[in-house]
Structure formats: C-alpha cells, structure tokens
Amino acid sequence: MGILPTPNHQALIRDCYPPYSSSSPGSLPQPVSNSLSKLAFYAINRPAKLSKVLAILLERASKARPGAGSGKARQELAVTTEIVRGLVVEAGESGKEGSGELVKAALAETALKVAEMALGGAGGGANAQVRSGGKRDPELEARGASLFHAVATYLTPPFFGSNDGMGRQYLRCVSLLSSLAQLSGRENIESRYVALKALEGAAKSEFLYTTGGDYDTHVGEIVPALLSNLADVPVEELRAEQSSILSSEKSLAPLSSSLASRKTPSISPPSDSPKLVSTALTSLLLLCRLSTLPQLLALHNALSTFLDRYSHGSLWHASSQTHVLFLARAIIAAAPSSHRAPAVTWWSDQVGEIFENESPHRSVTLLFVLKHLVDPEADAHTDDERNAGDSRIEGLSAAGILSTLADLLVRRARLSSPSASPSASRMHSSAGTPRGFDAADTDDDALLRPILTTVGALARASASTGYATQLDDLAGDLVDRLRSLKNEEGRAERLVGGMNGEEKSRAKVRVVMALKALLQEAPAVEGVVETQEGGSHAAAAPTTVVNGTPAHADDEDEERIRRPAVEADGPAAAIGAYGSSGLVLGKPLNGSSTGDVFSAPSSTTTKEQRRRASVSSSKATDAPILRVQTPGGASTAPSGSPTHSTVNRHPISPRTFARSLFLLLEPDARLRFEYAQAAVVYCRREMPITKGAGDDLASLVKQVMAAVYGLAIGEVTNSGSTLNGEQDQATGGHALHRTRSVRSLRSRKSFLDDSPQKPSPSSSSGIGPTAADYCSLLTLLDSLFSRRSCTTILEALPALLALDAKAATRWEVGLAGQGELGSAGGGPDAVRAQACRELAARSVGRIGRTWGLGELVELAQDVIDTLSPSVIPTRASPSSSFASRPSPNSAALNASLAIDILATDREIQKESSLDRTSLASLLGQPWSYETAKVEALSAATRSPYLSGALPSRSLVNLGTASRAGSTYRLSSLPPASPPSTTHGHGNGGSSPVLRRMSVTPSLADLQGSLGTSPRSARGSAAPSISSSACGLGAGAGGSVYTLNDLKAGMALGSGVQQRRRTSRATVDSVLDRVGRRSRTATGASQASSLGVPQV
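For the sequence shown, the positions run 1 to 1095 when the numbering used here is used.
Because the hints were derived from the structure by calculation, they are not lab data. Using N, Cα and C, we set each Cβ at its ideal position, and we do this for glycine too. Any given hint could turn out to be false.
Calculated pairs, SDA-like style, for lysine to any residue (alpha carbon to alpha carbon, straight line, at most 25 angstroms) [to be verified]: (1) LYS113 <-> GLN10; (2) LYS275 <-> ASP214; (3) LYS49 <-> GLY67; (4) LYS263 <-> GLU101.
Have a look at the derived ranges for each label pair, beta carbon to beta carbon [what the hints assert, rightly or not]: (5) ARG309 <-> PRO158: 55 to 63 angstroms; (6) ALA341 <-> ALA830: 37 to 45 angstroms; (7) LYS72 <-> SER337: 19 to 27 angstroms; (8) LYS250 <-> THR210: 21 to 29 angstroms.
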C-alpha cells in the first residue's frame, strides 16, 4: 500500500525547525526564516488551518517543557516560542481587516501558554509561579518575554471580560513576569531586566486600560515589580532618569491606532550592565500617562500597598521620605494635568484615614509628602526641587484638604496632654526676640507639628495658584469649624463624641493653631506689610530696657541697622513703625535698640531727658528717608515669611476674622492665649488698611475692642469648667459667642435663641483673666496700633479711655449680686485693675509711636512710670504669673489731653479729611461696653452674601448737644429676640434699658422722616440714617461714630420737607437727594449752628 502524504501545515511546521546542533548548547537557534514566512502566510490566510497549526505548536512546546533545562528540548522550546511569535507579528502587521480579532480570538490564548512555558512557569494554580531553585535561563526567558510583549501589543478592544481563557492566561503571565522582576541577587539581574521589558509591553497594552480588563488586579501585579527596582536607587539618579524620560516625546506615547504601525521588539538579555532603573521608571510613568482618573487612583492604592509590604514598611521611615516623595511627584508629573489635583486629594484622604494606633512613621511620611505636593517649593534646596516647583497643581481642592487636616487635629486631641511650662518659651533664632509660647512645642502628639506645617504649605499654595479670595475662604472654614466645635453641631458633634471637657478644649486649641499657621505662612499681599516685629514667630510682651538696651536683644540682628530706635518718634520712627519692606536710603537711622518705649525706665534716664529726646526727634527733618523695593519684590529682612511680587490674592477680610473673636472670651485660658497669637498675626500681616476697607475695618476694630474690654474686666462665658469637663448648657454665653455663620443655620440649635445672655464673673468660675491674658492683649493692641490707620484710632481710642476709667472703679463682673473681679472677700482686685490701666496707657503710647506724636508718648509714659513696677509679665506663656504686686500709686490717662493731641495732628487730619473739631468730637464720644457687645453681635450675624459691608453709621449727628436725640437706623435684621441692652457711659454706669424697635423702618419711612424734625437748628441736627445692632437710639454713651459717618454727616442738611417717594427708590438715590439738600442755604446755616465748618 502507498504512503500517506504529509499535510501541508505539518510539513510547513517541520521545515521551520533547524537541525539540532550539539556543538553550541549555550546559544539558542532561530527558526528557518523562509519556512516561517511560508507557514505564517499559510496560517493567516487560511483561518480554518490556523487552529491546527497552533495545536501542533502547543503540543511540541508541552513535550519540550519538562526537559527544557538543557539539550534538544531547550532548543525546541525556544524555536517553538519564536515560531508562535512570528505568527502573532505577521497577523498584526498584515493590517488586514479582522487582524485584531484574529490575534485576540485565535492566537492570543495559545501564544500566552507557550510564553508561560518559556518564562519558566511551574504551571497549575490560579497564578503562574517561578520555579524555585536551579539556575535561571535568561535567553529562553527572553523568548517568552518577546512573545508576551507581541501579544500585549497587538491586542485590541473590545474585550468582554478578563475571566475568559485568554484573560486568565494573560494575568498568569503578568504575575509570572512580576515575580521574575522581583528576584533578588546579582545572578538574577538579567532575568529581572527581561521581565521588566515584557512588563513595559503590558503597560502600553490596550487590554489594561479599556473596559473589560481587570485594571486593579493587573496593576497590583505590575506596580510592585516596578517599584521594587526603584526602591533602593538614590533619589538623584531617579530624578535624572525622570528628566530624560519626560524630555522624550516617544517614551510615553500610546500605541498607534493602526495595527500595521505598531512595533514590538525582540527582547534579548543585555550584553552589559542592564538599565533596570530606566526600564522600570518608564513603565511606571507610562501607567500614569495612559490611565484614566479612577485607574490612576487605583495605581496609588497599589503604591500604598507596596510601601506597606516592602521590607516590613521601612520605606515609611524618615530615612526614605525623599523616595516616597519622588514616587508621588513622578506619578503626578506624568499624569494628565486634569488628573493631578485628584491625585493630591488621594494623599489627603490617606492622611485623613490615619488611625490612633497607626505607625507614626507612616503618618509623618504621609504628611511630609502631602506638604510637598501641595507646595512644591517647600524646603526646596536643590535645583531639581526648584524645577519641580515650577509645575504647580491647578484646581487643587484646598478647602477639602484643610477640612481633612482640621478633622485630624480634632480627632487626635484625645491622644495627648500638653504640659505648658515657662521653659517652653524659646528665643527666635533669626530675630533675636523671645518667641511666644507655642503649644505645639509642648504637645506629645508627634503629628501636631507636621499637620501645622502642611496647613502652612496649603496657605502658600493657595496664595500663589488659587483664586483671589481662596485664603479668605479657608480662614472662614476654620472659623466655622471653631464655631461648630463650640456648639457641638454638625460634623463636629461626631468628632468630639466621647471626649471629656479637657479634650474638647484641646481640640479647639489645635484648630486655632491651624488658623494661626494659615495666617502666618501665607505670602504677604502687596500693600499689606508686616510691622516692625512682624518677622517673629509670635510677638512677645514689651521687654525691660536697661541702660538703653532692651532685654533679650540680639546684637547679630542685621535688620536693626535699617530700623529706627523705638525712642525716636519723628518721621523716621513713623516709617519704621509702618514696617514696609525694602532698603532705606538717606541718613542712617539709629539702630542701637529696639526696646519698648513703654517699658520701665532705666535708673539713669530722667523724665525730662526722655521728653526732650521725644520732642527733638519729632522735629528732625534734616535728612529724607526713602525706602525702595528690591528687585523681584523680595524682602531684605533676614527673617520672617518671604514676600512674593507675583502673589495674586486678596487679604483675609476683617469680616471673616471678626467672626472668630468670640474665642477671646472663652473660659479656657490656653485657648484664649493661642487665639490671641493668631489675632496678632492677622493684625500685622493681613488686616487691610486701605480706604476701600474702611467699613469692614471699623467693624473689626469695634469687635476687637469689645472683646479686649470684656476679657480685661474679667467677663468670660460660663460655658463650663474645662477642669471637670462639664458644660453648662443653661447659659447662653456672651454676645460674641452666640454669633454664628450662615453655614450653621441648618444646625439643630436655633440661631434665634431666646435664652438670656449671662456672662459669668471670672472670680466665681475660677477662669478669670490671667497674667498671660493681659500680656496677650497688650501684644494684640500693640500690633493693631502699629498700623497707620485713622479708622483704628477713631474706633479704638474711646474704648481705651473707657477701660482706663473702668479701672478706677469698683466694678461688678457679669450679673448683679456676684463677686467683683478676683476678689476673695469682696474688695477690688488691684493687680488686675492696674493691668487694665497699663494696657490702656501702653496702647495709647503705641499710637503715639506709630504716628510720631512725642507728646502722646510722654503722656502714656507718665502713667506707666507712676504705676511702675509693671504687673504685666514680659514673657508670654499660659502659666505666666503677674510680674509684681500692684503699685500703691494711682494714675489715670488725661483723656482730654490725649484727644487734643490726636485731634491737632496734621497727619491724622489729612488722612481722615477732618478738622480738629470733628476729630475731637469723634474721639471724645462716650463708649459703652453693652452697646459694643450688641454691635458686635449685629456685625457678626450679618450675612456675608450681602453686597458690601454696611457702615456702622452712614449719616450721623454732628452736634455734641444733640447726641441724646433719637435717630432712625438702617440695619440688617438682627435676631428676632435679642437680649436686653443697656447704654452706659465709659465709667461702667448704665442708663435705663431701651427696647429695640420691633420692626426695622422701611425705605419709605426713612424718606418721610428726613424733613419732619420739629427741633430747632441749635437743639437738633439733621436726622441720621445709621446702622446698629438693635435699632437703638443714640442715647448718652450709646452712639459710636466712624470716620465715614462724619464725612457723610458733614454733607447733610435738613428742614426741607419732601413728599413721600415710592418704594422703587434706592438707598443711593435717597442719600444723593440728602446730599444735594445739604448744599442749600438752610442746610449750611444749620451746619454752622452746630459748629461744623463749611465745606
């Protein structure tokens, strides 16, 4: 019988294998090229025969696999692998219609099985395993890697899931390659390189990114393989490789949409030292560039898992922080720009998930990375780091990150107990002045300082890349958080659940510290500069001057060669007090001392000598002093936060910060102390003093003075003792405490609370004003008056004079019938009374220093000399005690002389556009604490969504004799049932209670009232339209006028009856008509009868 002919496909396959050669067992043969081309053409063009061809090849590979360690079986497996690769490449490069489906449906699964055999997989199980023991065969592994790379390159969507045969086999190969890439030892370097080159094909494959591919599982295998080859490489080498990869456009390019245009390399073991770092980093950056946003976040999850598992979490330690930071930055830099901000938010979420029992190494490193991602220029010391800071992240969710950090601060309040001690105060290394007590230095929570530095980095980033009012919004969010913590509402109620009183108070202290960090680290705004002491971390109390040299002075402070001495009160002192940045040109200034002019005098300096020096310095005009800006807007000061000429932001508005002033009257002394430091930073660095901020600034100063006055006389809220953790829910608290933001109106506690306000006497609760409180208030007022602003003087001086007058009386704190301030037996508290007088005198003196008024400085110094020694300590810390016993001598400010000095100053007249009479009228008005509290309540509860801030008085009564007359007031609607309010004089007395009007007058009512005043021109002035908290009349001691009020009032006239207008009229039109009437003869005669100069 005849011989059966051999089928064509079997003959073609047989011809592809070269004859076995035992002469070179180390090298692997290649298939016969002509025969391989014939087989590929035959199989691809006859799909019915393709399955038979693949079945034969798979059978031959399976038979050769057990003996592939050496000899003929090894060569046959290598040739079979190369034949299958040739079929895949031919199918892909042919470019025919359906080529992609042919590879995916017919070739892929069989090819991946052959590749697994060549890679040395042990087979069996869900994932392929690397053979343990024995010598690796990099050449054979390279054949299998090339085949896998070809399959990954030519796979095209759509995919119908990864659970089919092809998907499961693909994942087995990825797992096998990942295991090969993570082998240790120098003998396995070639195998690692081969595996990394194959994974580069997986990183580009469409199978990984399209729907149907199991991205999370694949990345969970690929990422550890890549990162294990980068973990022990120096960061400098990694940066160099990253720059090289990112500079090449082809390195991170996706695959071409056309199969014919795709190329797959033939992988071979390296002839010299392999470039493992470059290969691994390229694949990692490819994953970042080609992933969608959800996939990029899954990649971050794989990164976190690797960091936890690698070498038992050693990469989280401080020594490897730069490696983790590089990986985070590299991933974000390679990702599309729209994905970068969410990637940073992922790190923020990891910070928010820090648990109480978590490793501190991981927590600190997470915060370290987040800080540098938010602010790339943080701690940038090398050129590479500075270059990394050039690509900032746009669209960053700053509010979300800040909320996460604030939540973390609150949650960790239960973990630590700060131990405040006087030794906590440290010397500032750069400024040479005592740095104020910092609670972060005494807290045993290792994360407190990193969290605060991250908040500072967020402030810097928001100022440079955020929108103009972003910092204002961030500060408002922290204020809202403080309010919610106080009221225990909303999210704060869940955060503080289970905490005792001490832990709740500590939580508020930490959020205040975050607010201070936000204020302190934000780059300075153009036009809002720091004052003379603004570079220090926290302002210290005035130091004692000994022989003309202040205590704690630092002779190495180079900035003092540009600062005027504080004893000099002329134009030079005024420039120095303003504290603008730049270089001083002109006559050198006396920089020998920066002591406080209000400090105790030295034994060798007499009062007459100080007076002569003050007068002579105020007349010094022999040399001009010019301050010029250095190139680029950088400050020449050796310390303090840098200023940036490119900062495009608005300062934090006074209205936003004023909503936090309730903290100054909190029962916890530590909280009051920490908040006072934040307020100092705001006044020095953020408080706007431009003309456009007049109304907001006036409202802020009013609320500051109300809070300062309340704390100085010992009125704090009775919200429960922080020692036993019990909270008294029966009392409503101080007016400044009951104010809430618009966001809190949805809380379970009603904003329109009808409970009476019951301030608590500090003596009965044991939480009265401490020595640290007076030291903090002194620093706060010093920073407030160090800015040259007429509005500040006009709003604050009446309160200072009232505080000085209050200190001369035996006053009761809070409700009638309770003990007096700090009195165990009912007598007056002399030490606190003297502290109040020193506070008023030093503040008045500071005004004189800022404006170069030598007489006012001398007037304040006379009071301080009489009261010497000072009872206010020079070092500020929560544990500070009074510096001395109260002086038996009594001294009070000469209020009339102080008013006259300020009213006659031409600089103040020029800046305020007022004459002497008008200034004296405003400065000499009585001041009532009760009225100030109600006005503070009205200002704090006014909706921030109104367009513009309503002035405290729009049109005012200028006649001194008519201040007791009634006025109509245009105001925002206050709470429906506010507390009863009394109007009193500055000496603490009160007039009968006045009930507020139940309905705010309408615009038509205001128009109709303008011309119906029955009083004479001498006995009354033009009716006023003003804004107040409860619509009260301007009773004696009850009206407090602003600079804008006086300017508007000088344009008023009255007596001309007008017909009633319709409701379509606007406020502006009414004021315009009133202004026109003021220029009539009748209006002019009435104004002259009141002693107002004609304009």
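Now for the hints, and whether the structure bears them out:
For the suggested pair LYS113 and GLN10, the alpha carbons sit about 20 angstroms apart, so the restraint of at most 25 angstroms is met. With a CA separation close to 29 angstroms, the supplied pair LYS275 and ASP214 exceeds the 25 angstroms bound. A C-alpha spacing of about 29 angstroms is found between LYS49 and GLY67, which places the hinted pair above 25 angstroms, so the restraint is violated. Under the criterion of a C-alpha separation no larger than 25 angstroms, the hint pairing LYS263 with GLU101 is consistent with the structure, at around 18 angstroms.
Between ARG309 and PRO158 the Cβ separation comes to about 34 angstroms, which falls outside the hinted range of 55 to 63 angstroms. Remark: the range hint 37 to 45 angstroms for ALA341 to ALA830 is contradicted by a beta-carbon distance near 59 angstroms. Restraint check, LYS72 to SER337: a C-beta distance of roughly 56 angstroms breaks the suggested window 19 to 27 angstroms. In this structure, LYS250 and THR210 meet the distance hint of 21 to 29 angstroms, their C-beta atoms being roughly 22 angstroms apart.
When the structure is compared with the earlier hints, violations turn up for hints 2, 3, 5, 6 and 7 and for no others.
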